[in-house]
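Given the structure of chain A, go ahead and fit chain B onto it with the hints provided.
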Amino acid sequence: MNPETGTLKLGGHEFKSRLILGTGKFSDTATMLAAVEASGTELVTVALRRFNRQKPGDDLCAPLARLQGIRLMPNTSGAMNAKEAVRAAQLGRELSGSPFVKVEIHPNPHHLMPDAIETYLAAKELAADGFVVLPYIPADPVLAKKLEDVGCAAVMPLGAAIGSGGGLSTAEMIRLIIRDSTIPVIVDAGLRAPSEAARAMEMGCDAVLVNSAIAAAKDPVAMARAFALGVETGYAARQAGLMPKSDVAVATSPLTSFLK
Amino acid sequence: MKNLPDWLTPEPWLNRNFSASDVQSALGAEAPDEATLAALLSPAAADFLEPMAARAQALTQRHFGRTIQLYVPLYLSSYCSGGCAYCGFAADRRTDRHALDFPSVEKELDAIHAMGFEEVLLLTGERSSQADLDYLRECVRLAARRFHNVTVEVFPMAEEEYRSLTEAGCTGVTLYQETYHPETYDRMHRWGPKKDFLQRLDAPSRALAGGMRFAGLGALLGLADPRYDMLALYRHVRHLQKTFWQAGLAVSFPRIRNEEGGFVPPHPVDEKMLAQIIFAFRICLPDVPLVLSTREGAAFRDGMAGLGVNKMSIASKTTVGGYGSEGSKEGQFDVSDARGLNEFCAMLRAKQLDPVFKNWDGVYRSAALFSHRSSASNIFIFVVCCSAGSLSSSSLVLSAHCFAFA
Chain A
1 MNPETGTLKL GGHEFKSRLI LGTGKFSDTA TMLAAVEASG TELVTVALRR FNRQKPGDDL
61 CAPLARLQGI RLMPNTSGAM NAKEAVRAAQ LGRELSGSPF VKVEIHPNPH HLMPDAIETY
121 LAAKELAADG FVVLPYIPAD PVLAKKLEDV GCAAVMPLGA AIGSGGGLST AEMIRLIIRD
181 STIPVIVDAG LRAPSEAARA MEMGCDAVLV NSAIAAAKDP VAMARAFALG VETGYAARQA
241 GLMPKSDVAV ATSPLTSFLK
Chain B
261 MKNLPDWLTP EPWLNRNFSA SDVQSALGAE APDEATLAAL LSPAAADFLE PMAARAQALT
321 QRHFGRTIQL YVPLYLSSYC SGGCAYCGFA ADRRTDRHAL DFPSVEKELD AIHAMGFEEV
381 LLLTGERSSQ ADLDYLRECV RLAARRFHNV TVEVFPMAEE EYRSLTEAGC TGVTLYQETY
441 HPETYDRMHR WGPKKDFLQR LDAPSRALAG GMRFAGLGAL LGLADPRYDM LALYRHVRHL
501 QKTFWQAGLA VSFPRIRNEE GGFVPPHPVD EKMLAQIIFA FRICLPDVPL VLSTREGAAF
561 RDGMAGLGVN KMSIASKTTV GGYGSEGSKE GQFDVSDARG LNEFCAMLRA KQLDPVFKNW
621 DGVYRSAALF SHRSSASNIF IFVVCCSAGS LSSSSLVLSA HCFAFA
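As given, the protein sequences belong to chains A and B, one line each in that order. Each residue of the first sequence is one higher than the one before, counting from 1 in the numbering used here. Each residue of the second sequence is one higher than the one before, counting from 261 in the numbering used here.
Among the hints, a few may not be true.
Selected chain A positions facing chain B (in silico; Cβ < 7 Å) [said to hold, decoys possible]:
no., residue
1, Arg49
2, Gly78
3, Ala88
Bear in mind the hints are in silico, worked out from the structure with no lab data behind them. Backbone N, C-alpha and C define an ideal beta-carbon position, used for all residues, glycine too.
Okay, chain A solo, but in the shape it has when bound (with noise of 0.2 Å):
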């Protein structure tokens, strides 16, 4: 979080909305697309996979390049290891012209739970060669520490499993992750609901990714907007400071009073 300015600041590049989306699973590019101009994002995530130069019906990069002030961020869904992961990554850089990449690594292609050994060698060969990774990461505090020192631009602890609509079940671990890290936490997979992005803020999140809760709502792009309502909604709350929580009532005539 840049404190001064209140945008989010990934490797030099600074974005006002704190919301980044996915771009998998909708039911059509006009619709994926009506749902990105409708969150108000500046950053989009987009699989190596779903890349089609030669086919333009079939590809999901091109159109989102088309579109004013988004930035593309190529990822390596797909890639079982780290080697197979800086591949898909300098081929997506070659093909989108852009240094983002989000390091995408699970080698288990059915719970698609990311590999943190794998990603922590692929993050930081890439980050040595220039690109701004966002590393996709087991809610691990120490490899969110480890990543940061290998010149990561944000780490992206999960909420919960991709796809699953669990919430923010990691939350106490992104609490560590928070408390420790000198560069952005973005909460990526899990969240369901706006308002669990706006928890997710007010717990000091900098940014959340959200693409299945709204790729899978009955009305994506009305989802894509309560998504940002609920992202500006949490920041807002952060930054405004929320009153300490108690166990206890304060009590009107203190328990202590009888001291002197």
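Chain B alone, transformed into the frame defined by chain A:
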């Protein structure tokens, strides 16, 4: 062989008298297992098709979004040494035999690619002198130059043979056990190497050990008691998930058709039962791709798209060739959904489902090839013609990548 391995046998879950309340519990199961599937496959669950469909649709959308992945089969050869009682290409069937020569394979692949497909499934019969491993490997190479994803549905082979196919650019193997019921299996497979039940059962494991990333399983519905076969199939998938934790598994539900030779399936499965099976699998394997081919008719496929099913073939020919040429006269089976690609995609879009042709990138295959080889005999040529740094001018970017194996 009489008894299935312990990890496979469905016996403990068969013939339980599931009640309506068992089905309701299964529908809400937090951690579905064999008992859940057995309840959802039971006669009692036939009264719950609507809530099963709703749950299946929600889970499909959660894990795969509003998308349907498309692929197309290419039959390379109808030569076959096998004696499957139910197959139009069995060795004793009087049919003209064909195998595509390599120029014809290229012509077919070009035609399929021009249709828009990025994933092709190459098929042969049982191993024959006309379509052996060397032939198949060359076909895979030709396909890998054109397609991001190349998979095969061919004769079972040894791990090292699978590895050589992987290195030629193949990423996945589809191999149906046909039936998991040993006695039925023995009766249906009258001669040849396919008679060995365990050898076939183990083939997906050998393929994955040989470097394949995807394995597609299935049983030919109609050969044996579907509840027996589907429970065993589920257990096979679960076994592979535990043994090969990085494998991408998929399940198909081929229903036996009336084939050349007048085969009549002894345990016919009607559409309602097939739908029940697919819903049950989606609920019990929520994140495993479920596939429905053009064996099924248009109305059923339209209804099932997104309702459990997330991957479909279309514009399929079951003749040898037929995309870039006229093809052979007789196919392995009659395609029930003969619609063209455009018509099918229009149907999907009308159902608010996005037809996805490319859901994989050849760059992963090539990276894997590199990691497999210390002294690469195949040369990977990766060409990026040109790229621009600015997104606003990206429509002017002329980028291309191609994969060539020398």
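Verification of the supplied hints:
Checking A:Arg49 against chain B by beta carbon gives a least distance of about 4 Å; that is within 7 Å, so the hint holds. Below 7 Å, beta-carbon pairs count as interface contacts, and A:Gly78 has one with chain B at about 6 Å; its hint therefore holds. Residue-level restraint check for A:Ala88 holds (minimum Cβ-Cβ distance to chain B is 5 Å; threshold 7 Å).
Hint check: no violations occur; every hint is consistent with the structure.
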